[in-house]
Amino acid sequence: MTETVGTVAVTGGTAAATTQEGADSGVTRRDFLRAAAGTTAALATGAALPAVAQASSIAVPPLVHPKAKIQLTMWHAKPELRPNYQKVIDAFHADYPDIQITQTPKVSGTYVQLVHTAMAAGELPDIFDQPDSGPTYRIDARSGQFLDLTRRAPMAKNLVAVAREQDFIGNKLWEVSWGRYTVVMMYNKRLLKKFGLEPPVDWADWKAQCKKILAAGTIPISMAGDGSIDAFFFTELATAALGRKGFDGLVNGTVKWTSPPILETMQFLIDLMPYYQPGFLATRYADSKALFATEKVVYFEAGSADVPGFKNINPNLEIGVFPFPPPHKGGQTVTLSGLDETMAGNPKTKYPDAVGAFMNWCCTPKGGALCSAAINLSPVVKGVNPPTTFPELKEIISFSQNDFPVWYAVDAIAPGFNVWAQQGQGLFTKRLTPMQLAQLLQKQSDAARKAG
Amino acid sequence: MSQKSQKLDVKGAGYGGTSTAIKRARVAADDRQGVVTGRRLVPTYVWFMLPGLILYVMFFIGPMFDAFRLSFYDWPGVGTTMHFVGLRNFANAFGDAEVYTALWHNAQFFIIVFILQNTVGLGLALLLHARLPGYQIYRTILYLPSILSLIVTGFIWELMLNPQIGLLNPLLQAMGLGALQRAWLGDPSITLIVVILVQAWQWMGLPMVVYLAGLQSIPHEVTEAATIDGASRWQVLVRITFPLLAAPFTILTVFCFIAMFRVFDIVYVLGGPLGEPDGSTTTLGTVILEYAFGGLGGSGAANALPQMSYAMAIGVLSYILLGVVAGGIMLVLRRREISFG
Chain Z
1 MTETVGTVAV
11 TGGTAAATTQ
21 EGADSGVTRR
31 DFLRAAAGTT
41 AALATGAALP
51 AVAQASSIAV
61 PPLVHPKAKI
71 QLTMWHAKPE
81 LRPNYQKVID
91 AFHADYPDIQ
101 ITQTPKVSGT
111 YVQLVHTAMA
121 AGELPDIFDQ
131 PDSGPTYRID
141 ARSGQFLDLT
151 RRAPMAKNLV
161 AVAREQDFIG
171 NKLWEVSWGR
181 YTVVMMYNKR
191 LLKKFGLEPP
201 VDWADWKAQC
211 KKILAAGTIP
221 ISMAGDGSID
231 AFFFTELATA
241 ALGRKGFDGL
251 VNGTVKWTSP
261 PILETMQFLI
271 DLMPYYQPGF
281 LATRYADSKA
291 LFATEKVVYF
301 EAGSADVPGF
311 KNINPNLEIG
321 VFPFPPPHKG
331 GQTVTLSGLD
341 ETMAGNPKTK
351 YPDAVGAFMN
361 WCCTPKGGAL
371 CSAAINLSPV
381 VKGVNPPTTF
391 PELKEIISFS
401 QNDFPVWYAV
411 DAIAPGFNVW
421 AQQGQGLFTK
431 RLTPMQLAQL
441 LQKQSDAARK
451 AG
Chain H
1 MSQKSQKLDV
11 KGAGYGGTST
21 AIKRARVAAD
31 DRQGVVTGRR
41 LVPTYVWFML
51 PGLILYVMFF
61 IGPMFDAFRL
71 SFYDWPGVGT
81 TMHFVGLRNF
91 ANAFGDAEVY
101 TALWHNAQFF
111 IIVFILQNTV
121 GLGLALLLHA
131 RLPGYQIYRT
141 ILYLPSILSL
151 IVTGFIWELM
161 LNPQIGLLNP
171 LLQAMGLGAL
181 QRAWLGDPSI
191 TLIVVILVQA
201 WQWMGLPMVV
211 YLAGLQSIPH
221 EVTEAATIDG
231 ASRWQVLVRI
241 TFPLLAAPFT
251 ILTVFCFIAM
261 FRVFDIVYVL
271 GGPLGEPDGS
281 TTTLGTVILE
291 YAFGGLGGSG
301 AANALPQMSY
311 AMAIGVLSYI
321 LLGVVAGGIM
331 LVLRRREISF
341 G
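In order, the protein sequences belong to chains Z and H.
Each residue of the first sequence is one higher than the last, beginning at 1 in this note's numbering.
Each residue of the second sequence is one higher than the last, beginning at 1 in this note's numbering.
Honestly, I wouldn't trust all of these hints.
[Stated by the list, open to error] Ranges between beta-carbon positions, derived for each pair: (1) H/V254 - Z/D248: 53 to 63 Å; (2) Z/R449 - H/G62: 47 to 57 Å; (3) Z/R244 - H/V325: 51 to 61 Å; (4) Z/Q267 - H/P145: 24 to 34 Å; (5) Z/A447 - H/A259: 34 to 44 Å; (6) H/V152 - Z/T389: 29 to 39 Å; (7) Z/T150 - H/G62: 31 to 41 Å; (8) Z/E395 - H/I111: 47 to 57 Å; (9) Z/M435 - H/P63: 43 to 53 Å; (10) Z/G253 - H/G95: 23 to 33 Å.
Note that these hints are calculated values from the structure, not bench results.
Idealized CB from N, CA, C, for every residue including glycine.
Could you build all of it, start to finish, from the sequences and the hints given here?
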């Protein structure tokens, strides 16, 4: 029995299958289906292969200065600062007309995994904001994941001490930081004035203030209990409790994690629980920032890098800052600082000297000023003034005389910090007592020291 | 040479006839298509399957074998240094309390969703099967959550359950049930149940339509005969209808088991990568992610050393577990199908 198949034309340059009515003529339905399936299979496979290849290669936006002889690619995780980065790139291009950098911002939430995957696949861009610090950074550097910048960026000698300590491993330079963020306690000036209060001078004062604020119907402190803000908060208060001598002792192992200042800090964090917002254990970092930005809380532990975001959400927000107070009167206040936007080079780049030229330029006063201004952070190049975009930044810097590095960037105490980030909630859920948590931190620290 | 298409003649073979006879009939049909070279034609369906198969091999089978290979090393996931460590990762996984905790959470997912799909899901299917007025609209509405992306579902519920700006707590307050207000995602004693219920809400459309299809295939005469013989509605449901739904029950049980032991998206959105609060919502998926990328709780813990090979070992063990248990479930339930069939 013959079957009648209509005339079909497959467009787009594929094979056309045409049938005719009537028996014994043209192509049957089976033949048509075979031809269509085979064509589809070939097209799909042919299209998939370049798509697969392209997916693994770097997506490069259109070139801004196509006449430059050397084209470099750059990744970073701050898409909201794309115009700022372009200013940096354009200023560099003005000094080095033969080198053009094209930036590709990536989503920050998955940036770490993206970079690690690209590292493993050998598909890194020429320049990238490398997301690792501490032990992971060292593993990356030792296994040749970064371009050696030691001789390519001699101006790195201009970096401030805290940046040199982190960017150099031994005598070798593997990354160049653009800015330094400092973590302080921020407060809503309007709300604090409303309650007739001044920034606290010690922990007892702070607790009393929180009690008064809560009684008036306002949430005193915004806390993200997801291992982000709570972990930072612990390290800042613990640093204030330890002081310089105690901090150095913790780093070199002479002071234990089970020492009284650490236990006192943990107890203080538990005592402050009634003053955090309800459900703080489920509050993410971004949500906790939003609570402060929308003036629902008085206090929030934040970094200088957060100020532009707050102002973006609420330009009328009046932000006050104070360093972390000591447990008792007479002690020293502290701030903690870390590096942000640490740029590294791809060891397999075709243009290592061009990458080195950019990194070197970032360490000059001109480059350093532009880089730190782009990310609204304190500069890491000596002699460069901080950006004046936000007055709060100046205030933060003025409080930073007794400054310490963020704990996750210090090899000796980073493991303890990481354990807190993962287990610290147990303190608030009463799964762990302060001593039990401290013992976990000590155990992790000992294991890391032993492993070297 | 005839260009006519021919129906495959299996009369000689008969239904359930020998495979040899069927093969002969097929060859004969192919011959009648005008194969003059003696080459056997590649069946048409192979060509249709080919693109998907190629992509599947490239993106699933290949990486799966490579993951299995890498699970025998100590690769952290960054850098290129790795050493062969044999079965050490697997041995560590068997002794890892975090893995067992996650496994238990996955088991709770399965148990609760399994119960709900066979009560709520079946109940909804029965209601729809009754063809009450507006049943088509209800069917669509009830199925809608299933077509939502899991990430979107998670975000919607995260907002609704937010203690500051959410809907649920104010709603309870307005209904005079203020005493029931909770930090739904911040209380370790209830967060897992909340996450499971959200997952169940998203999942329920599938059992509903599968059971509905099963109900529609049951001949009316069977249930009518039982009713005439004096069986109550409950007896008809339990003794007639449900046994005849053995095939859908098997499919749904296996799907539910695999899905709930692979659950990740909703847990990641609602509980975070570390299974917050305080690890009460960890699942195998989040544990694997945590080990693979070194912990993602906040900017600090992102620098915890990753253990990619170890994560792969856990993944391999999960794969084996799921395969063995799902296969066992299917084997047992198939016998039930046959006995009821």
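Quick rundown of the hints versus the structure:
{"no.": "1", "hint": "H/V254 - Z/D248: 53 to 63 Å", "result": "59 Å, holds"}
{"no.": "2", "hint": "Z/R449 - H/G62: 47 to 57 Å", "result": "40 Å, violated"}
{"no.": "3", "hint": "Z/R244 - H/V325: 51 to 61 Å", "result": "57 Å, holds"}
{"no.": "4", "hint": "Z/Q267 - H/P145: 24 to 34 Å", "result": "45 Å, violated"}
{"no.": "5", "hint": "Z/A447 - H/A259: 34 to 44 Å", "result": "37 Å, holds"}
{"no.": "6", "hint": "H/V152 - Z/T389: 29 to 39 Å", "result": "36 Å, holds"}
{"no.": "7", "hint": "Z/T150 - H/G62: 31 to 41 Å", "result": "39 Å, holds"}
{"no.": "8", "hint": "Z/E395 - H/I111: 47 to 57 Å", "result": "55 Å, holds"}
{"no.": "9", "hint": "Z/M435 - H/P63: 43 to 53 Å", "result": "45 Å, holds"}
{"no.": "10", "hint": "Z/G253 - H/G95: 23 to 33 Å", "result": "28 Å, holds"}
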